[in-house]
Amino acid sequence: MLNIEKKIDNDKACFRLTGRLDTLTSPELESELTGIIDGLTDLVLDFEELEYVSSAGMRVLLAAQKKMNDLGTMTVKHVRQEIMDTFEMTGFDEILTIEN
Amino acid sequence: MPEINGKEAVVYKMTGRIDSNNAPKVEAEIAELLKDRGRVPVVLDASELDYISSAGLRVILRVKQSNPELRITGVNSAVYEVLDMTGFTEMMDVEKAYRVVSVEGCEEIGRGANGVVYRLDDDDVVKVYFNSDALADIQHEREVARLALILGIPTAISYDVVKVGDSYGSMFELLKATSFSKILAKEPERMDWVVEEFVKMLNRIHGTLVPEGKLPDFRETVISWGRFMQDYLPQEYGEKLMSLIEAIPHDDHMIHGDYHTKNVVLQGDEVLLIDMDTLAVGHPIIELASVYNAFQGYSEYDPETIMQFQGFDRDTATRFWHKVLAAYLETSSETKLHEVEDKARVIGYTRMIRRSIRRKGLETEAGRAEIDLWKSELLQLLDKVDTLVFDKNELEIDAVNDNLPEVQAFVEEKLERAGFPAKTTMQVGLAVEEIFVNVASYAYSPEVGKAKLRVEVADGPSSVTVTMSDSGVPYDPLAKDDPDVTLSAEDRQIGGLGIFLTKKLMDDMSYEYKDGKNILTLRKNV
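Residue numbers (the working numbering), protein chains in the order written: chain X, 351 to 450; chain B, 801 to 1326.
Next comes chain B alone, as it looks inside the complex:
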């Protein structure tokens, strides 16, 4: 017997045509079935219904009024169209009759967390869900894909739901689409192009503001992973993990949730994002964690596994990940890349360990070895990571002269990317050398400490502001008198030149000591 909300339903089978001629008869038959049964759930089986007129629709409406828990099942596409146009599909539960599709002998072109994608013919692919009760998942994925498209993300939306064996599938029109994984595997010389497009799409996703409540908040999911991990980590590490996760700010920008090269496809010259069921809102570090896992984390214990999943080797995956991270953060600074990678790994390992444990990983030797490896990495990271938030315009680095090239490159890359004239870029680079070397020489001497550099480009670009801060001894470099530049070589002092030059090169320069930090701010107009 079919059920609705756990209650047994009365079933009435509608057959042939229902119009003004037989509608009263149909209504009487239904009334007879429902007699003395109160507000019992009703299923109207439409699998043999060919046509319904407005007289028939009025009967359904009256049944719905007396028995609100109503479902119409097995609706063919002609009848479905009528129900859709008249708004019935919005008012009540209407289930279509599903076309049956076989994937026997079809090429598998993608595999995700929830299903497998097969190519049916030149025009169509079908995503078959693992879960046989997947209708709600399919509905969810269609809704979020529509939302993404409206918000400007190029994606494929399924046009039909079909029955595949015992489970369901979503049909997509994808003409000769090739996944980025396949391009990396077959045409390794195109890696830089794939990196560029992959990051462009990622920026597009992360730049998309989602109206409140339209997508799940991935931060909540990460919090649940953190709670799960409490039982598997030493107490103080568990607490640190939880506090790091809870400190991730809420973010209303979109994240894909399962972003890797099988889920980005090239169709003609158009790049499309697919497999949208994990679409959410959240801080980009959560996304980077899953990108890290796809290319590094999952294959850390057994490097061979990446080949089965992506079709390319671990070395390719490693190079790809580094290039992607550098392009996403818009820097080649290894310090910056490691900082963000470490933050992504904290969430990445948390996710993988939990997943493996839930899949009975602790019950096999290989599973335990993998979990042990991830756990030891996670514990080391928890010793050194103090926040999971990152800012791509900031670089924190040991204030030592040897780091000067990296610091200058960090600034110069930002300015070049923003389109500053070469001369301005050089002058700002020069100013950065002077102030960084100052911090390196005096702030912590003879110890070594950190300097934090922040680069902010104003639109246009019209100006750049560079802020350098350190936690060393309070020192105001601007308090010193300027050297007398009119003196002859014999009388000129050797010192004081750097800050003087910086003042001359920049349009504005200011110093403050705040919260135990020296903060020096430079501004240069274009």
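Only chain X is shown next, with the shape it has when bound in the complex:
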């Protein structure tokens, strides 16, 4: 289960994720981003209520980061420790811009 609460203001977007970002749910995030990402310069992903990220979720984050590197900035906020651990193991703490 993943819930995505979106706030979009012209070229700025904030996605607040609740639940799990895994094999079954990450396609939802991917398709939500696909529709709008080309028009963005500032993307914020708020992980405060996100409990779990697997490699399937990380692939979506990586693709979004690659895209936003060309278009502007992407920031991931409020990452909890369990998820931060997996980001560190995989070097994602260096790839993503994380603000806690």
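Quick caveat, the hints were computed from the structure, so don't treat them as lab data. Quantities reported herein were computed from a predicted structural model and do not represent experimental measurements. Mixed in with the good hints, there may be bad ones.
[Said to hold, decoys possible] With a cut-off of at most 30 Å between alpha-carbon atoms, the simulated BS3-like pairs for lysine-lysine come out as follows: (1) X:416 with B:896; (2) B:963 with B:896; (3) X:356 with B:1223; (4) B:1223 with B:1184; (5) X:417 with B:1303; (6) B:807 with B:825.
For this one, chain X is given, so just place chain B on it according to the hints.
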């Protein structure tokens, strides 16, 4: 004329007191009766004997030496005590005089395969046996109940045998005991508590190792049911049934044999197991078959019948059975519950069909309809079930992404139950996602096949080992190079992350290809 071992016996009636004054006279009278008759069986009728001294006992011993087939009958309790203390009850056949008890107007509190239980007064209940020649059954039940108690199973042991009309009864002290059936019927809000206690008792029974030869082997009984069924099933199905039953391994752990909510009672705050006459050893699937029958099988054709037997409706019984199975298997995985339920049903239907046929079920329309229903279910099961054995730490499931939540829950429930820290549980869950999704994506593509997951928790808990196997194309996920995690986003590849993450999260990870299977093993220490 009374008989012993089918031979007519000589009867001598002992009266009043037998002591050193009249013992020689008694001995002479017996000798006169036995004169020229060889080793004829002897019955000493003690129904009018008030007292016997050691001189009298010596007479009995000498008669026993010359005529070994000796029985003493109608023994009152004072004389019985003497015979018991001196070891006579071990040496020879001693029958007590039975107290006569009436159950007229008494409340029926239980009904089992062999008899009815009545409440006599506040303290006592009596189980009256259907079979009028039940002394051997009663003796058996007392012995197995004693054994169970010694092995740590809380149960009630009968303290006396009484005569009830033409049959016999066992007396039990049961103070205000309430059966679990009654609790489910009257206090449905306590169902979860009943489930918990019912399963706790079941685990206690199944965790009890029985010394060899002390209890009958229920597997033998199931084999006899299977043989009976050969005449009523198409040949190949009969053979499949037989091979499934014969493949059930011998098991020295206890099973109750008739485990349902009328046979578990609450007395004060103590939960007791009763109706012990079917106590046996055997594989737990045999027990689950009879539990299935009690709550589902017997009332499958006519859902109303459960009310007469248990006092609650079919819906309650169905919910109870599912909760019990989930608690017993320690999982909420529907795949796992169905797997074990199907195995239990194979034995359950076999038992019910045989029972119904033996009770002339084929001679009535309702009986035939019921047998037909059970038989069609059994045939369908025989098409898909390949073993009756189960392992609660294993889950076999279609390797498709949609099953991911069930697979993760299966693992996480085991770890939570074992007391793993939440963080470790999440990390193992994450590793399981990565390896399961791998199998789902590549092993059988584009077909669908099975993945088998095994979770083993080491004591403490100190570690958990998860094994995932599949029969798909040979593939070693560990052979791949790790991604370079120092690269920038632009240079990072999208793939290879899952297995890399799994390696990082786990303490050990290994792969082998064996007997046509990919076997991936993960270990995580606490």
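Against the structure, the hints:
Taking the CA atoms of residue 416 of chain X and residue 896 of chain B, the gap is about 93 Å. The hint is violated against a cut of 30 Å. For the hint pairing residue 963 of chain B with residue 896 of chain B, the CA-to-CA distance comes to about 11 Å; that is within 30 Å, so the pair holds. Taken as a hint, the residue 356 of chain X and residue 1223 of chain B pair is honoured in the structure, with Cα atoms around 29 Å apart against an allowance of 30 Å. The suggested pairing of residue 1223 of chain B with residue 1184 of chain B is violated, with an alpha-carbon distance near 39 Å, which exceeds 30 Å.
Note on residue 417 of chain X and residue 1303 of chain B: the hinted pairing holds, with a Cα-Cα distance of about 28 Å set against a maximum of 30 Å. Between the alpha carbons of residue 807 of chain B and residue 825 of chain B the distance comes to roughly 27 Å, so the proposed pair stays at or under 30 Å and holds.
Hints 1, 4 from the earlier list are contradicted by this structure; the remaining hints agree with it.
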